[in-house]
Every structure is written in structure tokens, then in C-alpha cells.
Amino acid sequence: MRDLQGVLLCSGSGSRMKPLTTPKCLLPVVGVPMFLYPLSSILRAGIKDIKIFVRDTNEPILKTEVEKSGLLKQFNANIEYIKITSSHDDFGTGDLLRHYHNRFTHDLLIVSCDFVSDSSLIPFVEFFRAYEATLVALVDDNCANSPAPGPKVKKAKATDLIAMDEETGQLAYLCGDDDFDGVVGTEKFVDKFPKLSLTSKYNDCHVYAVRNSVLQSLNKNFISFKADFVPFLIESQFDENSTTSCFAYRLPHENGTVTAHANTTGAYFEVNKEILKSFNRLMPAKGNGLTFNYRTDKIAMNDSRIESTTKVGKDSVIKRSVVLNTCQIGEKVKLKESLILNNVIIGNGASITNSIICDDVEIGDNAEVINCIVTSGQKVAAKAKVQNEVVEDDDDGGWTDD
Amino acid sequence: MAPDPKKPAKEKPLTAIVLLDSFDQRFAPILEKSYECFGFIPLANIPMINYTMNWLLRTEIESVMLVATGKSQKYAKLVENEWGSAFEEFSVVICDGSSSLGDCLREIHNRELITDNFLLISNPSSLTSSTLSQQIRDFRKRRVENADNVMTLIYGGCENREKSVIGVNSDGKLVLYPAATSSGLIKVDKVDFYQNAQIRRDVVNTGIALCSRLIVTQFNDNFDFSTMEDVIRELLSKDDILGLNIHVDVLPQNESAYMAKDYDTLLHLNTLLLERWFYPLTPERVEVSRFISVCPRNIYLEEEDFLNTSMSSRIVLSDASVNVSLGIHTKISKTARIYNSSIGSNSEIAENTTISNCIIGKNVKIGKNVEIFGGFIGDNSVILDNSKFPEIIIGNGVKMAEIGENLENSAICSWQVDEDEFEKIVAQKIGEELYLWQLRNGGGFWKISQGKIGINMSNVEENEEEDEDFEEGSDEDFDVDFDDGFDDSTRQFYDEVFESMKGMQSMANQQMNNLILEINSSKLACNVSVDDVAKNVFAAFLALPGMEDLKELLVLIKKWRPLFINYYKSSDSNATARKLEMERKCQIQMLMAIEEKFDKESANFGPKCAKIVHFLYNDADVLDEEAILEWAGSIDSGSKLRELMEPIVKWLQEDDEDEEEEED
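Line order of the protein sequences matches chains A and B.
78 is the number that this note's numbering gives to position 78 of the first sequence; each next residue is one higher, with no gaps.
564 is the number that this note's numbering gives to position 564 of the second sequence; each next residue is one higher, with no gaps.
Extracted from the complex, chain A is given alone in its bound form (with noise of 0.2 Å):
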């Protein structure tokens, strides 16, 4: 049996993330940059030769990550940094799988960086060579997802919907919820399942294992991997002598607890804190933190990570939230459901809840932070209460989009 490649794409912008700073795979999730989690899965998986997809400006910080990371200790593989240079800008997933497409030589793990879970893929791969499929993708119903803090948005009912056959999980058709378009015909469909299910309650976490021989026909029609040769692939099951066969892996709930497609803010915050759970399993190298004694600190912390930078005072309360470096937290604060990010500072008496709070902001005492997203280097007035908001400057300057 041959073994898989990996490919670890780190080259999206993060669009859906706003007003959160790209590049996305750079995002700290619990100070930890996001693109390492899905790494180490594929690391996880066995899989010892993975290339990474980079934009050129970005390599050497991914460079210096993995290598702090430690990961490369623990396993044993050798990765491939392709460069992607700023004239590539515009290419989307299928463009960069055909451009680059002489690197593959086995059947390929694609993973994108947003996939942050503590499961493992062996059960997904193994899955994937017993079927002799040809294309499978994760699919997961429990992804952990909230609401973004700020202003109140209408939620959208699901992100993807698949038809597939409930035994097997065999795919007759996958697209992500916006992407929909008019009415599905199934006459096509029911020649080959007898009984399909349509289903929302997945969700595609971009993690695609695909057979090498199939990379041949990328072309130039496929610009995105999911909404374009994801849909192909499926579609040519139905072909006459078609040996095409595209499964969903429903993530067992039994693998895994924490997962999640980190494409938007609610689900990257969301994961932030759900991630604590396997953080120390994942991540070893980044030690535990800071801790309390109730009895001698008087801080009550639940559920929650203050790396060892971070000064807290005393009398405070912190609840399932995620304190960065080099903080400092002043007395009687109360953080719930929270992300403080790097040196931020936090006036005494204050209380944030379920809330984004980003580099360098000051927060006044006594402030009231609730459901927002404080932008970096934002002051947020003592005394002051701000609910439901995306605190940044008026003309935008405090955040810049790539």
C-alpha cells in the first residue's frame, strides 16, 4: 500500500473573517497559529511527506512556527514549503493543485488550515483505501460553532448541503449552502440510490483525501477545489462505466471531541475555547499555563488558559476563556466566554463577556464589554459599556485587509 502525501493549503486570505486580521492560517488559536493544528493532524495521520501551500510573504514566519512548535520532534516528516508569489494571488484551490500538480506523485490528504480538531484522520484515511474511493470528504455534525460577537446577524440555516447514500455515505451531491442555486433535479440520482438522504446537518470541513489519477483532470474550469471539481467528481458517478465513487466520512463522534472548519469568526472563536480540552494532548510544547490557587490568589479560573506572561490581580474571575501574552489584568476583572489576545490591558473592575478582544487594547475600569469584537489598539473608555459591537475606528485604519 502506498502511503498519502499531505497538502496543508495556508494560502487563503480569510475573507469571512472580518474585521479578524489576515493571513488567516496565522490566527492564533489559544496563541497557537491555526494552520499547526490541521499540521498536526496530518502529522497525527503518519503521513511523512506533506507540502504546504504558502504565499511567499508569509514562509518564513510559517518556517519559524513549525520549528517553535516542537511538532517536528515528535514526528518524523519532511515538509515542502511551495511559494506562492503574489502574481499566483488570484488562484484559487483547483488552480493551485493544477499548477502545481507534477509534485504529487501518490494520492493526496488535502487539508485546509482552518481544520482545527483534536480526531484523529487514520480512521479517515483507512476509510478512504477501503473503499477504494476516489474522492472522500470529511463531513462532521458536531463542529463547534457560535454566533460571532458584534452585531446581531442573521444565522444562516447550515453551511452545506449533501445528498448521500445514509449506509454507505456514499456522495451524490455536496455544495455549500450559498453556492446553492435553483432546484436540484434528481432523476440522475436515482438510478444509482435507491434511497438518498438530503441532509444539512454536516459540515464539509475541507478535508478531501483524492486519488492521484484523478489531479489529471484539473483544468482550468476548476478554479475552487470544493465548489468546482468537488461537484465535477461527484457528478461523474453518474457517467455511463463510470469507476468514480465519492464518499462523506462522518466523523463518529467517539473520534474526536472538539472539532471545527474555523472559516469564519464564530467558529474560530468558538474553537478557541472548545480546543482547550485536548490543548496540552495537542500542543506539549506550549506547557500549561498560568495557574491558580484560590485559596492564596483569591482568582477563581474555570475551564480557561492565561499563558505565564500574563499578570492577573487579584479578586478576578475568569471563566472558559483564553488569555494571550504579555496581559495585564487588573483586580476584581471578570472574563467570561472570552479571547483576550496579546498585551492587552484590562482596568480594574471590568467585565467581558463572550467577546474578541484584540491586540493592544486598552480597556478602561469598571468597563462593560459584552458580545463585541475590540479591534486592535482600541481604548475602550472607563466606566463605558459597549454591547453588541464591533469597536474600531471610524475610518478603518486600525485594521488593514490583505
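Treat the hints loosely; a few may be bogus.
Said to hold, decoys possible - Label pairs and their calculated CB-CB ranges:
1) P151(A) to E499(B): 45 to 51 Å
2) E167(A) to R140(B): 30 to 36 Å
3) P151(A) to E60(B): 55 to 61 Å
4) F223(B) to G185(A): 29 to 35 Å
Treat the hints as calculated values from the structure; they're not laboratory data.
Positions of the beta carbon are idealized from the N, C-alpha and C atoms, including for glycine.
Since the structure of chain A is already known, use the hints to place chain B on it.
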């Protein structure tokens, strides 16, 4: 209100309404001058109604209402004499002049014979081995939970020969049902994914339905409804208005159920019975008053009296023969091979003949070296030596050999069809006392879905083409939709929209929202594409009475503007590019409707074309410049219409150029 759940009153058993007739004219060749009544067609040499009554006896049913047309009156009496005493109540309802299930149920409603929930057997060939006790219990439970759960359709897991498709959600609620004109075609939308619908082709309708009284009312309210499918479609398409639910109950794997809808399924049903799929519903158990014995290989022999049964070895069948039912005094050659067939009394089959999947009547003579693979052969017919037929339907008293003609989609009878009675059938004389019967619409005699599927497929392909290459696709579509008269659904949609508009026109208070609702429900019911909707809405509008007068037409356009805005233009200023593209296509369809009308009546309509287009663009603001220009460019260069449109096109282009200059 719902009864107190703590003390459930002992439910009264359901009444069964059993139809003795099938209203499908396809069966005319074998019923005319022969069995006359559908319920008396023999399956394994026993009239099918006997099976029906037999399985009803195994259920909780105590009261049966047998519904028959005037023609079958005497047969209904026969059934009453035989089975009346087996049930507590047995009544025969004669619906004279009925030509559909709808007619019968309307008649029953008018006579106020239904007072409660009931079990409907819309076709006497609906057989099941189940006692339906669980299904009836679930139906009652659903009725108590929600009075809007009005019907449960019983489906079985038999081979689905028609490839019919349904969509049910996780509660067993029916959510998708193919449109009238497209068997097997279901289109799914986002909402079907949200409610976890399942598209199932692995189950078939058994023709058994558990209904509330409301179902009968539906027939009464809609005089054009003739079949249960009509009601199902109505309830589904008006789900949001009526809020009535239909459920589908699929029988467990160990129970079988089936219904014959055409010859193909009728012969399949015969085979299933011979193979004892419906056990304990088997031929020798159903007909206890006759002397039928079963031999190995599922061979059923009937004797005149008890004494002879033990001597049934007088018939020696070839070892290859399996699943055969033989009537009294049949003479079968030892070298004949017979599979999955029943043969009526006094029939003879000569040497080296192969018969497979057939129902053969009484006194039939089949010669040597004949091969028949699937067929229904009426009483007293003669098949000459060496004939070979694939699927064949032969009426009563036909004498024939292989005639070299293609017998697909047809039946053979010895008499001319009475076209007054069977308006759907045409017949032509092909020999001495030989007439070839065919369906007037060219549809399948043997199989309902025959022929239809082909049309569907081509339509689908065309639609796809349209998506890719709009200009070409639409031109072709024109010919198909109207000139061929093939696409019934579009036609039907047009008619319905026309009627809705006419109704609206006559009203004092013209509420466009209501009209839009009506059109949308027609759209759902007929399952027509967006393009067809766009074209036909305006075509129907142009055909309204009074629209010959240009002034009146323009006034009405202005008045009904909300309607047109709804279908041709969105008020949304930040519509996406895709949306705009859709709109442009719809507007072009609107112009196509004008073009089509022009082609038909250029003399009257011609001069008005330009004015209407101008008005729609300038005053009503329904059409966009791009759509007009694109359409105008597509008109045949020789067409007079192009000439007529010339000024507008020029005017629009000049406008355009002006703007561009200004920008420069």
C-alpha cells in the same frame, strides 16, 4: 377536541372502501367482452377481488363498502353474495356513470356515506400480507396528535418497476411527489435538505391509504380531481396554505404488498402470488371452495372435485416449469416450458412452446414452437404455430400468428374499439377480425411509464442547454413546448395562469398578491422551469379578453405592475450579478411571449408590438435595455418583427451612445 388520552375510547374499526373497477382504459382490451370488471381479472386463476377480500378479513375491518360502476353492478352483487356474510357490514355502492376514483368518492360524499376515518383501496389488485394493525394504530395516533395529519399512504418494499420516486422527511411525512407529467422526476430545493428529506425509489405505492373524511371533501371541492395523485399534489403544493400533512408508512421487510397499475405490474403481481410472496395469502388458501392443490416448484393444479385431486399427476409438466397455475382440463404438452404463468381451464399448449410471465384465459389454444415472453391472452384465443412474441396483449377470441408488425405499445382485439366509450384509444384493422389498439397519445399500453420517460429526459436536457447557452436553447424550446404539444405541464401551467388572471380581471378588488400566490402554486403543481413561468405569465396576460385593444392593455399593464415586477424585476437595488442575470433571462422570456404572439397573429398584433415594448420599458419600467437589445438581436433577420422593432433598438442604442459620450 382530541379525546382524553388517558382513557382511550375503544376505537371503532375502520370502514374499508374498496373499488371494484380500474378506470384505466388500457385494460379495455381484456375487459371488454371478457371479464368486464377489473376486479374479476384472474390471478393464478382466481378473481383478484377474492384476494382483496381475503386480506381484508385478516385486518380489523368489519365493514366493507364495495364501490362499482354501473357496468360492474352484477359483479358487485356476486362479490356481495360470496363475501357479504364474512363481514359485519357489507354494502355495495353503485356509482353509475363514474369514470374515475374522484367521481366515485364525490358520489359517496354526496350520499353522505362516510362519517369517519376509512381505509381506501383504490384498486382491487392492492394486496398485502400485512394485517396493517401497526399502521392503523400509527395513523390513529397521528390523527390524535394533529388533526391535520389527514392521510397515511402505505408503501411496500417490492421491486419498483416504474422507478417511481417520492420524498419523505424523517417523520415519515411526504414532502416531495413527482408532478403529474413527469413520473420519476423530483426536484429538490434547499428546504428539503434542511428538513432531512429522503428520496426513495426503493418503495412502491400499494394503493392502500388510511384517510380521514377530509380526503373525500378534497375530491368534492375540486371537480377536476380524478385520482388520488391529484389530491396528494394539491395538498403538497398548498402545504403552506392548507397545512395538511400526508404521511408515508413503509411496511416492514417481512411484509409484502403490491398493486397492479398496468400490464407489466399485473403480470408481476401474478408471479408474486405464484411465488407465494403474500403468504398466508396464497391461491390454494384464498379459494377454499375450489379444489386447488400445490405441488413442488409452486405448481398449482385445480380439479373438478375432491376425488380427482389425488390423481392430479395426470398432468405432466416439463421439469423446467416453475410457478404455474393450471385450471381444470388443461392440456399441456410434456415438452412445453412454462414459467411464472397462469393458464385458464380447458386451454391447450402444444409441443416445444415456451410461455413465460403470462396470464392465459380459458379455452385458449397455443400452437407448437410458440414463444411468448410476457403477455395477457384473453379467453378463446388461438395462437398459431411458430409465433414469437415479446410482451403482448391479446383480447378475447383472437386468432393470430406472428404478424411481423411491431406490437410495442399496442393490444390486439378481434373487434373495433368503441371510441365513444374509450376516447383514449384508437384502433386500426390489420387483418380478418384483427384490430390493433393503441393509445391515442402514443403512450405505453404495456407500461404506464413507457414512452413518457423519454420525453422527460429530452426536456431536462433542453433545460440544461438553456442554462448554458440561453439564446440557442430558448429557440428550440419554443418548438418543443407548443408545436409538439408534448410538454403537457407547461401547457397546463399556461391554462391555469390564464384562468387565474381571468378571474382576477373580473374582480373589483384586484389583489396582485393573491394572483401571485395562485400563479406560484400552479408553478409548483406543474413543476415548470423559471423560464417557462416567465414566458407563460406574459403570454397568458396577452391572451386575456379585452387585450386586443391597445389602450386597455396598457392600462392593465400599469395596474398590474406589481405582478410583473414580481416576475421580471426585483426592486432590490443591490441585487447580485447572478440575480440580475436571472432577471434578464426572464425579461427575454417576456419578449419571447410577445414574439410568439406576433408569429401567430401578426396582422392584428404586429402594429402593437413596438408600443407594448416601449411602454414596458419606458412607462412601466419592467423591461431593461439590455434584455430588449439582446432579444431584438436574436429575431430572424427576415422577420417583419425585426423591422418593427428597429426604431426602438435604434433609439435605445442612440441613448446608449449619448451616455457614453457624456461619460467621455
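Hint by hint, here is what the structure shows:
Under the hint 45 to 51 Å, the C-beta atoms of P151(A) and E499(B), about 47 Å apart, fit the expected range. A beta carbon spacing of about 32 Å between E167(A) and R140(B) agrees with the range 30 to 36 Å that was offered as a hint. Distance hint check: the CB atoms of P151(A) and E60(B) are about 59 Å apart, consistent with the given range 55 to 61 Å. Evaluation of the 29 to 35 Å hint for F223(B) and G185(A) yields a pass: the beta carbon distance comes to about 32 Å.
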